[in-house]
Amino acid sequence: MSTANIPAAKSYVLLQIGDRRFAMPASEVSELAPPVRLHQFPHNSRLVSGIIVRRGRLVPVYDVCPMLTGKNSPSHQFYLVARRKFASTTEPAAIPVNGDCELVTADIVEVTSPQHVSGILMVGDASIEVLDLNALVTSGSAENELDRAGSLA
Amino acid sequence: MKIAAQDAVKSRKARRPEAVILFTVSNQLFAIAADSVQEIRSTDSLGAALEVEQQEIPKVRHTIERAHRTYYVVNACTHFGLRVVRPTLVLMLRQIRTAVLVDKIERMAEIAGIHALPRAFGGAERQWYRGLAYLEDQVIPVINPAGFLTTAEFERLDGAMAAASCNDLAAQI
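Protein sequence lines, in the order shown, are assigned to chains A and B. All residue numbers for the first sequence refer to this note's numbering, where the first residue is 714 and numbers rise by one. All residue numbers for the second sequence refer to this note's numbering, where the first residue is 5 and numbers rise by one.
The reader is advised that the hints may include incorrect statements.
[Said to hold, decoys possible] Using 25 Å as the maximum straight-line C-alpha spacing, the simulated SDA-like pairs for lysine to any residue come out as follows:
id	chain 1	residue 1	chain 2	residue 2
1	B	Lys63	A	Pro755
2	B	Lys108	A	Gly763
3	B	Lys63	A	Gln753
4	A	Lys784	A	Asp845
5	B	Lys108	A	Asn757
Keep in mind the hints are simulated off the structure, nothing from the lab.
Looking at chain A on its own, in the form it has when it is part of the complex:
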């Protein structure tokens, strides 16, 4: 993992996905939703497991647990709702998490790889990866593969 030491104290939400802890910038998180119904229908979008309804809005759920932990998501789960950036707009996006989340203020050490990790937080004795939601849900997707192929050519 390559690092560039640029410490900056900000607020982060600590979350548990499978058996691992991660963090996300608090500024990107909208809410922690209870284990509401996951609505599913046929589609072929990678990582998207369905839709939850929050405050009258339809929020897509990205099942990132297998990708981050190599294990299937537990059945009873909460949803962390954040905002995913698209070219000209943003959209709410939920990821399944286990139980409660915690708000911390800590210094981040920025990193450049892996792509879906924007930095490392030191909380107590633990070093926790800060997730870049946009990079996480698009990593390995068709558009990324095309970008990668283009940059290698």
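Since the structure of chain A is already known, use the hints to place chain B on it.
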């Protein structure tokens, strides 16, 4: 000013109540605008369906002749990648030469509006659905009738049909 006014009209139009038919395919609930369906028939009445000799588009195996038009019969299970079950009904679509094999009609309903499909969905579903309806605590995909067969698929099927008629004619001669 003009642009804002147009947006307001568009927004009102998007929220206009709409009558839909709720139907199931392999236990999955879908909605389709009632005015996009011309006729609903039992598959038992399709004895006169002709087999299409082509392998490229596996979701289409038969055609039906109705009012001098040839309808391509799409198996909705195959189209949506669902477990294939024996269909009991066929929806003949209006203005599109497509008939769709489905399991059963649940009921008619009125939806207050259609939510745009979130951008998270970037696959073929963007052609399959006009959007999503939220009805009685259920999120239901609203079918885009034109999404069952693309223009290219229609051309390939028409080509296969034309080739089959030529072969039949040649055999008769």
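Each hint tested on the structure:
Taking the CA atoms of B/Lys63 and A/Pro755, the gap is about 16 Å. The hint holds against a cut of 25 Å. For a cut-off of 25 Å, the pair hint linking B/Lys108 to A/Gly763 stands: about 24 Å separates their Cα positions. In summary, the hint linking B/Lys63 to A/Gln753 is supported, as the alpha carbons are separated by about 22 Å, within the 25 Å threshold. Distance check on the hinted pair: A/Lys784 and A/Asp845 sit about 20 Å apart at the alpha-carbon level, within 25 Å; holds.
Proximity of B/Lys108 to A/Asn757 is assessed by CA-CA distance (about 24 Å); at most 25 Å being required, the pair is judged to hold.
Hint violations for this structure: none, all hints satisfied.
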